Structures are given as structure tokens and as C-alpha cells.
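Peer 1: Residues per chain are reported as follows:
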Amino acid sequence: MTQENVRVLVVDDELGMREGCRKILEPEGYIVESAEDGQAGLELFQRRGDFAIALVDLNMPRMGGMKLIGRLRELDEDVVIFVITAYAAIETAVEATRRGAYGYIPKPFTPDELLLPVRNGIERRALAIEAKRLREERERRLLEVAFERTKASTIISCMTDGVLVINRDKQIVLRNNGMMRILPSCATLSLSSPLSALECPELEKLIEEVLSTDTGPVIASREVALDRCVYMVNASPVLEPNGDVMGAVAVLRDITALKKLDVAKSMFISMVAHEVKNPLAAVENYLTVILKGYVDGEPEKQRDMLERSMVRLNTLRTMVSELINLTAIETGNFTVKRSVLGLTQVVTEALDACRERAEGKKQELSFSCANGAEDVQILADRDSLFIVCTNLIDNAIKYTPEGGAIRVQVAQNGAFLKLSVEDNGIGMSDEESEHVFEEFFRVKNRQTVKEPGTGLGLSLVKRLVEMHDGAISLRSTPGAGSTFTLSLPIAARMGM
Amino acid sequence: MNAHPTRIVAIDDDVDALECIGYVLRNAGYETHCFATATEALAAMAQTPPDVVITDLMMETLDSGFGFARRLREDERFAKVPIIVVTAAASQRGFDFTPRDEHDLAAMKVDAVFAKPVAPDELLATIRRLLGAARPDTTSGGPAR
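If you're matching them up, the sequences are chains A and B in order. Counting with the numbering used here, you get residues 1 to 496 for the letters of the first sequence. Counting with the numbering used here, you get residues 1 to 145 for the letters of the second sequence.
Read the hints as simulated data drawn from the structure, not as lab findings. Check each hint, because a few of them may be wrong.
[What the hints assert, rightly or not] Taking CB as the label site, the calculated pair distances span: (1) A:L474 / B:D75: 51 to 59 Å; (2) A:K337 / B:D121: 50 to 58 Å; (3) A:E223 / B:D75: 41 to 49 Å; (4) A:I269 / B:D75: 36 to 44 Å; (5) A:K337 / B:E122: 51 to 59 Å; (6) A:P299 / B:R129: 27 to 35 Å; (7) B:D75 / A:D227: 52 to 60 Å; (8) A:R317 / B:R129: 33 to 41 Å; (9) B:E122 / A:A273: 21 to 29 Å; (10) B:R77 / A:D304: 31 to 39 Å; (11) B:E122 / A:V320: 25 to 33 Å; (12) A:I219 / B:R129: 55 to 63 Å; (13) B:R73 / A:S193: 54 to 62 Å.
[As the list claims (entries may be wrong)] Every beta carbon over 10 Å from chain A, so not counted as near; a handful from chain B, in silico: (14) E31; (15) A112; (16) V113.
The model shown is predicted, which means the values in this text are computed figures rather than measured ones. Glycine included, C-beta positions come from ideal geometry on N, C-alpha and C.
Using the sequences and the hints given, assemble the complete structure.
Peer 2: In C-alpha cells form, the structure reads like this:
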């Protein structure tokens with residue numbers, strides 16, 4: 001078997017020895033390089049470095065073989081070094097081995113006397129390298145395992161959810177920081193304390209269900225209220241490889257915010273139901289009274305009742321479309337088609353749509369535009385803006401008595417265009433103003449009771465304004481009137 | 001014997017519900033006073049005590065109809081006045097005020113509870129029944145039809 005690419009360094013001051021070795025080794029496939037003394041050998045080794053075998057004479061000028069062996073060993077712990085010398089003696093062999101030589105080849109030698117130890121040396125080197133590789137790999141794995149362990153425990157300790165692990169004897173074996181935050185009693189207890197020491201019966205009951213052997217391994221989930229917070233507790237068994245239950249792990253997740261949202265949603269649905277039922281009941285009331293003949297012979301009254309029914313139905317229809325819009329905004333399904341437009345045009349259209357109602361109440365409905373503001377453009381959805389404007393103007397008409405005045409103004413205010421709708425109507429208290437943008441909030445008093453309203457208009461206005469990166473504010477004085485002011489960002493000029 | 005015609009106070013914050021009840025009651029020959037809030041009604045009742053009070057439940061605050069009823073019961077001037085509650089909240093989730101039996105009604109301190117919209121015939125029949133029980137000698141102000 002020939003050796004491919006195995007490099008052998010021969011260091012000997014006798015040319016005959018160097019050439020002899022080359023003649024024996026090269027036919028076997030070895031790549032042989034040689035040096036005539038220790039110093040040259042060391043330099044060659046340092047330059048090339050990848051010698052598998054070094055054959056070193058002991059007695060050489062400049063640097064002797066003994067010293068060279070030590071230096072080579074320092075440079076490469078895997079190189080297999082053989083001493084070749086005519087001065088064979090036990091002492092020198094021991095000294096050479098101590099310094100790192102692997103074997104000893106006495107001069108003179110036959111080709112086989114050289115080839116055999118060299119082959120053995122190469123095998124030994126391969127084994128040593130493999131052993132070293134395995135050792136390194138094992139160390140790396142150990143490091144990885146240690147790292148994974150730290151990682152896992154770091155993750156468990158840093159997670160916001162509470163983690164509690166219980167053994168079969170219902171003793172606490174692990175509780176993370178989250179758990180200690182949720183149940184402060186957990187932090188003061190030492191590990192292996194009984195579960196009951198937590199004094200949390202709900203949690204205890206849940207874990208007992210999981211540990212119970214009658215039912216087999218189960219996963220138990222329940223909402224548990226602890227100290228004004230609500231937690232979703234998921235408890236599952238910790239199983240041994242054979243399937244036996246060795247304990248339980250409970251994970252507690254704070255769902256307080258979700259529960260609040262849930263309650264708010266239920267409240268909202270309940271309010272919607274109530275707000276829908278009221279106008280329906282009113283219409284049904286009127287129709288029943290008419291159909292049962294209570295108003296027979298009073299055609300004027302009948303007509304009045306039918307007209308009132310119509311008003312209630314109209315309000316109901318408006319409310320349903322406002323609800324659809326609000327829901328669409330909330331779920332991100334409300335389509336806005338933004339275009340660069342003049343606010344004054346939309347305001348003029350809204351005023352036209354509302355004028356008849358204002359005239360019906362003999363109110364003065366005026367519009368003014370501060371110099372230059374009519375040419376200022378905003379980036380907005382025309383339909384949304386129309387809903388906003390008509391809602392504000394309609395509100396002013398509704399809550400201003402007959403003969404009152406409503407002033408609509410547009411003006412520029414820095415990077416914003418301002419729209420204000422001012423009335424001298426009934427106004428409202430600070431407390432009422434605070435809630436006026438909330439869904440279904442309506443000011444209820446003797447003056448507002450006859451006005452149909454959905455209680456959704458202003459919440460829709462606020463949402464729409466916010467969708468346009470604008471803001472809406474209100475100033476109101478009871479008995480003196482209200483002013484709603486709307487700010488919308490001015491569109492960047494074209495080409496900028 | 002009462003000298004005045006039977007007087008009814010109706011309270012509802014829904015202007016149309018109030019209009020309808022008011023119309024039916026007046027049409028039936030009762031002297032009817034309508035109010036949008038319990039506060040206004042109380043002020044008027046201090047001047048002219050009613051024979052029957054009909055009140056909505058969802059006024060101003062959620063339970064103000066019952067709060068109002070309790071106030072009347074605690075006031076010796078109105079302690080015996082029959083109270084009829086008319087509410088849209090009767091069947092709403094979480095707000096089920098529908099009495100299950102007489103005991104419930106007594107706990108609510110009211111005499112009858114109706115869900116909106118109330119059928120005029122039933123309302124009138126209940127008023128007659130309550131007036132009959134409270135004042136068996138009443139003859140004045142009976143229904144016109």
C-alpha cells in the first residue's frame with residue numbers, strides 16, 4: 001500500500017543518509033524533504049508545517065537532534081518523530097522519548113527496518129488525531145448541553161407567564177419569576193414545599209386533576225382569578241418515558257386585558273340591542289295603538305303617530321349604517337379613497353344637505369372662510385369628510401333652539417386646516433362633554449328628549465377624523481352653545 | 001270616595017313610548033301626567049299625588065326605575081300607589097328583570113312588569129286590576145270604552 005501526500009522530514013548531516021531515506025520512502029508514495037542540520041530542519045518544518053513524520057539524527061552541527069525533537073514537539077503535537085542514530089544506547093533512547101520522540105531506528109537499517117516503523121507511526125498519528133477530534137467533539141457537545149440547559153432555564157425564568165412544576169408528591173419543584181410575581185407566596189416558599197402552602201385552592205384543584213391517576217393523564221385548563229387579575233391556567237402532566245405521571249406543570253397566563261375587552265364587547269352588544277329595541281318598540285307601540293283602533297276618528301293624530309314612527313325608523317336605519325361603519329373601521333375594512341381636495345367644497349355640500357332642517361327651525365346657518373383657506377387642500381376621503389361635516393352641522397341644528405345661529409368657519413392654522421362649527425344652542429356640562437364621543441352617549445334632558453339621535457354620530461366622526469390624522473375638540477357652555485373644532489393636516493404641495 | 005278622576009303618572013325617557021302610553025291612558029279617560037325623568041315626576045307628584053305610577057326602567061342610570069320605586073315605597077304619601085314597570089331591558093342578556101313570581105315582584109317593590117312594547121289592552125287591564133285591588137270603591141275615571 002503506497003502513501004499519498006504523506007510528508008516526511010529527514011534531518012541528518014550525512015548526505016548519504018538523507019538520500020538513502022529518500023530512495024526508500026519515495027517509491028512508497030511519501031513526499032520526502034530533508035535538511036542537513038537541526039537548525040535547517042527546524043526552519044523547514046516551520047515553513048511547511050504539515051509533516052506527518054520526522055526522522056531526526058542526534059549528532060548534528062548547529063542544533064542537535066535532541067533539541068530539535070523538543071522544538072518540533074512544541075510546534076506540532078501530532079508529528080511522529082523517530083530518532084535515527086548510530087550511537088544506539090538505552091539512555092539516549094529514553095531521553096529522546098522523554099522529549100517527544102515516538103521511536104528509535106538504529107543505523108544502519110534495511111528498507112523494511114525503516115518502512116515498518118514509519119507506517120506504524122503514520123497509523124499512530126492518524127489514531128491520535130482521530131482521538132483528539134473525538135475528544136474535542138465531546139467537549140464541544142458538553143459545552144452545548146450546558147449552554148442549552150442555561151438557555152432553557154433562562155427562557156423559563158424570563159417568560160412573563162408563570163410556570164409552576166409539581167412532583168408526584170405534590171411538592172413544588174420549580175417556579176419561575178413570573179409565577180413568583182403572580183403568587184407572591186410562591187417566592188417565600190422553599191423548593192419542595194407542599195403545593196397546599198401556596199394557599200391557592202383553585203390552582204391546587206387543577207393540578208390534582210392532572211395528577212389524579214384514576215382518569216389517566218389529562219390536560220386541565222381553567223380561568224382563575226387571583227388578586228384582581230384573571231389567569232388562564234393550563235396544567236398538564238409531566239410523563240416518564242413509560243407513560244407514568246411523574247408530576248405536573250402549570251402555566252399561568254394573564255388574560256385580564258382580554259377579559260376586560262370581552263366584557264366591553266358584551267356591554268357594547270347589549271347597548272346596541274337596547275338602542276335597536278327602543279325605536280322598534282316605539283314604532284310597534286304606535287302601530288298597535290293605530291291598528292287596535294285607539295286613534296280611530298282622529299286622522300290628524302294618526303298621521304302624527306305615523307310620522308313619528310317614520311322618524312324613529314330613519315334614526316334606526318342611520319344607526320345601523322353608522323354601526324356598520326364603526327365596525328368596518330375597527331376591523332380595518334373601512335375603505336377610504338384619499339384624494340387631494342378642498343375642504344370648503346365638502347363643507348358647502350354638507351351645508352346644502354342640512355339647510356332645509358335649519359330653515360325648518362328658523363335658524364341662521366352661515367359659512368365663512370378666512371382669507372386664502374378656500375384654496376388650501378387636504379388629502380382626504382370625500383365621503384368620510386361629508387359624514388363628518390353633516391354630523392357636526394346636524395348636531396348643531398338639533399341642539400340649538402328655534403331662531404338660533406350656527407356658524408361654520410374654515411381657517412388655516414399652521415400645517416393644519418381648521419373647521420369649526422359653532423352654535424348658540426343648549427350646550428352641555430363639562431361632564432357631558434367628556435363623554436360625548438363615546439358610543440351611545442346622548443345628553444338626556446328635557447331639551448334633548450324629543451331629538452332623534454343614534455348616539456353613534458360623534459364616535460363615528462372622531463374615528464373618521466383620526467383616520468385622517470386629524471383631531472377634534474369641543475368647547476361647550478350649558479345654555480350658551482357648543483363649538484366643535486376639527487383640525488386636518490394640509491396636503492403637501494404637488495411636486496414637493 | 002275619591003273626588004278626583006283617577007290620576008296616572010307615566011315616566012319614560014323615550015318620547016314616543018311616553019306619547020303612546022299617554023295617548024292610550026287619556027283615551028281611556030284617565031288624567032295622565034307624562035314625564036321624561038323621575039326627578040321631574042317626583043316634583044309634580046308632591047303637588048298632586050297619583051293613583052298609579054307607570055315607569056320605564058332604563059332611565060339615566062340602569063336601575064333608576066327600581067330605585068324610584070323604592071323611593072315611592074319609602075314615602076308614606078306614595079307607599080300604597082301601584083307601580084307598573086315598563087322596560088325594554090326585560091329580556092336583555094345580563095339584565096333580566098322579569099319577575100319569576102309574586103315574591104320577585106314584592107322584592108322589586110313594584111306591582112307589575114311589562115316588556116316594551118306593551119300591549120295597550122294588557123296595560124289597561126292591569127291598571128284596572130291594580131286599582132280594583134287598591135281601591136275597591138273606585139268608580140270614577142273608568143275607561144271610556
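Peer 1: So does K337 (chain A) sit 50 to 58 Å from D121 (chain B), Cβ to Cβ?
Peer 2: holds (54 Å)
Peer 1: That 21 to 29 Å hint for E122 (chain B) and A273 (chain A) (C-beta), does it hold up?
Peer 2: Check passed, 23 Å falls within 21 to 29 Å.
Peer 1: Regarding E223 (chain A) and D75 (chain B), is the given constraint of 41 to 49 Å on their beta-carbon distance met?
Peer 2: holds (45 Å)
Peer 1: Using the beta carbons of P299 (chain A) and R129 (chain B), state whether their distance is inside 27 to 35 Å or not.
Peer 2: Roughly 33 Å apart at Cβ, these two residues keep to the hinted range, so it holds.
Peer 1: L474 (chain A) and D75 (chain B), beta-carbon distance inside 51 to 59 Å?
Peer 2: Violated, at about 40 Å.
Peer 1: For A112 (chain B), which was marked as not at the interface, is the minimum beta-carbon distance to chain A over 10 Å?
Peer 2: Non-interface label on A112 (chain B) holds, nearest chain A Cβ at 17 Å vs cutoff 10 Å.
Peer 1: Determine whether the Cβ-Cβ distance between I269 (chain A) and D75 (chain B) falls within the hinted range of 36 to 44 Å.
Peer 2: holds (37 Å)
Peer 1: A range of 51 to 59 Å was offered for this pair. Does it hold for the Cβ distance of K337 (chain A) and E122 (chain B)?
Peer 2: holds (52 Å)
Peer 1: Confirm or reject: V113 (chain B) is not an interface residue toward chain A, with every Cβ-Cβ distance exceeding 10 Å.
Peer 2: Holds, since 15 Å exceeds 10 Å.
Peer 1: Return holds or violated for the Cβ distance of R73 (chain B) and S193 (chain A) against the range 54 to 62 Å.
Peer 2: With Cβ atoms ~56 Å apart, the hint holds.
Peer 1: So does E122 (chain B) sit 25 to 33 Å from V320 (chain A), Cβ to Cβ?
Peer 2: holds (30 Å)
Peer 1: Given the hint of 31 to 39 Å, is the C-beta distance from R77 (chain B) to D304 (chain A) inside that range or not?
Peer 2: With a Cβ separation near 36 Å, R77 (chain B) and D304 (chain A) satisfy 31 to 39 Å, so the hint holds.
Hint compliance for this structure: hints 1, 7 are broken, all remaining hints hold.
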